[in-house]
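Given only the sequences and the hints, what does the whole structure look like? Please build it.
There are 2 protein chains.
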Amino acid sequence: MECAKALRGREVRVTLVDRQNHHLFQPLLYQVASAGLAAPEIAHPVRSVFADQENVTVLMGDVGDIDLAARRVTVGERHLDYDYLVIALGVKTGYFGHSDWERHAIGLKSLDDATEIRRRVLLAFERAEMCEDPVEKARLMTIAIVGGGPTGVELAGAFAELARHVLRRDFRHIDTEKAHIVLIEGAPRLLSMYDEDLSAYTRERLESLGVTVLTGAPVKAVREKAVELGDRVIEAENLIWAAGVEAVPIARQLGVPTDPAGRIVVETDLSLPGHPNVFAVGDIAHCIDQGGVRVPGLCPAAIQMGRHAASVIADDLAGPARGGRYAVRRQFRYFDKGSMATIGRSAAVAESMGLKVRGFVAWLMWLFIHLLFLIGFRNRIAVLLQWFYAYVRYRRGARIITGMDRPQDRS
Amino acid sequence: MECAKALRGREVRVTLVDRQNHHLFQPLLYQVASAGLAAPEIAHPVRSVFADQENVTVLMGDVGDIDLAARRVTVGERHLDYDYLVIALGVKTGYFGHSDWERHAIGLKSLDDATEIRRRVLLAFERAEMCEDPVEKARLMTIAIVGGGPTGVELAGAFAELARHVLRRDFRHIDTEKAHIVLIEGAPRLLSMYDEDLSAYTRERLESLGVTVLTGAPVKAVREKAVELGDRVIEAENLIWAAGVEAVPIARQLGVPTDPAGRIVVETDLSLPGHPNVFAVGDIAHCIDQGGVRVPGLCPAAIQMGRHAASVIADDLAGPARGGRYAVRRQFRYFDKGSMATIGRSAAVAESMGLKVRGFVAWLMWLFIHLLFLIGFRNRIAVLLQWFYAYVRYRRGARIITGMDRPQDRS
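For the record, the sequence lines run as chains A and B.
Going by the numbering used here, the first sequence wraps up at 426, each residue one higher than the last.
Going by the numbering used here, the second sequence wraps up at 426, each residue one higher than the last.
I should point out that these hints are in silico values taken from the structure, not numbers from a laboratory.
Please note: incorrect hints may appear among the correct ones.
Because identical chains cannot be distinguished in the list, a pair is counted as satisfied if it fits within a single copy or across any two copies.
Restricting the straight-line Cα-Cα distance to at most 25 Å, the calculated cross-link-like pairs of lysine to aspartate or glutamate (DMTMM-like) are [unchecked claim]:
#, residue 1, residue 2
1, Lys124, Asp274
2, Lys235, Asp148
3, Lys240, Glu366
4, Lys240, Glu147
5, Lys152, Asp67
6, Lys152, Glu92
7, Lys20, Asp148
This is how it looks when you write it as structure tokens:
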């Protein structure tokens, strides 16, 4: 999307292909999963974004095949011939090569994932309320989250608050404060990309919210409603997988070098080796930038890469001679704005430009930045309103269970 | 819910059983189906409503059996014994006895129905954009709605505006203004419960929005993506059924008299004949009130009936002698506040207390009344905001297609 936007006004015909009709604001996905926000509040129709940009055509469809030699992309039954191709297909939840674990532990990458998690977690509390066996009751009220990165931390904090504050007075036969939220991380500490101080602070905050934090606890196996660690088994009605991602399968089928997670290894101009008219940007690209920095799989990096690809294409088209156009390309340099994670309401950790911030101030920064980048004026106001309400009243607006009578038999 | 609320502070133990965890504001369901509102905005967790009412326990579950003789309700594996029972199970979409039509024409009774309609309609436009065959393109852009009552009229108006205004600039290969919205009614006019003037006005307004209105056109058959009328067949990618309802099947299994639509025929105190401790209220009840009026299947009637059942139970419990308590019950009298339907933005029809109102004034009334009754402060503000935005900018906030990668294989 950023690449297409940056080509505004250029004499190019851009075709944007996506399997979803909406752009998703991924950093807030955990809030849909934890019933804080409604799905449409963090999504925006791709078509709306480009309604006024005449040189962009949006097609909704799955990319079936990319033929680099023939310069052709297949979408459904259609073939799209290209001069330039920008691959920004992203990543999916990765299970360390254990694809059978996927059945037992749901990942969080799409709105459907998020509403499915919301459905399952809320339903587990409903079942616990009906349940008369105390062991089963405890199992129903256990949520195990694998992965102590930002997504795992944010989910654990949000579920702990959901159970301890939001749902507290709603049930008669269960004490939702006794819900067991377990955060499992294989590495020795949470948020391992952050400074150790911030990791320690995060752990402390989560524990004060009642989360059980298990670090240095690599997952041995995932079974139906149970996760096996080295020394114990955690039985949980809900298992959520936030431990890793891998490139979408098509990346390996291109015949170009990929890294162990299947990401496309790109040149410093973001083009594919031997294919100067093809770029990979965002999470699907494995990129060492001009300064020798490994570009992380973060939203700001993807935005910068998309814009860079657009500028290279624009330079090419403006270049003097067709033959020499690839010789003078500008190289990509990642500008690290820092990163942040929120831990329940009113606490967060942030690292930016060598600064470390934590607590309420970091949370206000998080709030401000996330509202700023949330696409669409309407969404911004609506989300602010929800947050304000949730903050003051300890309520959550999206605590509904849907998908109970999905019309599966209808076409 | 109204019955349980009206029993607040009484010395009774109320168990409220529902198959959904949320109360749905049914009159705005068509706005979720037409991408105007997000699902959580018109729903509210039942538990939240009763969080502070100590004598109410909420159970989420399907009612499997009602044994009037044993005074027992089965919910999942649990048996609930009762002294009093209030049956408020409502209705489901009815297909005039042709249950096979259900596969081809989706009804609109739940949030899942609404998001499924939204998904299918938005997806049809996406497919039309990809489609190169003009006949197929036209078929994809056709929405046929069966039933010219308020739901059919509101859906037709909302889809016409979606196509003509909201989506207009978003596509490159289709002209969404040429979308074909067909509203089919078997009776000679739309909104047959309203005055003829208002029916004529409604038709005129819909036609000016580009809707094809077919009245006196009873449905002969419904097939895969086609509806057969007397003299023609309408081929449509989307068929929506808003032509009727019938009581949920359990009503016929009670061994008490039901009407042809399966509704339970109740006494004027709303109790079941021969079962003075069992009441049926809302759409599932067939009731002739004290004044000889047939109580309609409308939201205000259901609210009044629920409150009436509560007052009868409270009277019983306060009554002097157990033996004589049923003799002096108050009879239900329906207070008809009138009814209204909206036709796209800024037009509506309303009838109340002998007054007929139409046009912009009726629409403002509709707006005011629907906001007033929408449960929950937060929802009210959020919906008002959405509507304001939609009105000023001709945008719709919930234009997202979900359910594309439903994790079906997960438990």
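> Which numbered conditions among the earlier hints are violated in the structure presented, ordered from lowest to highest?
Replying inline: 2, 3 and 7
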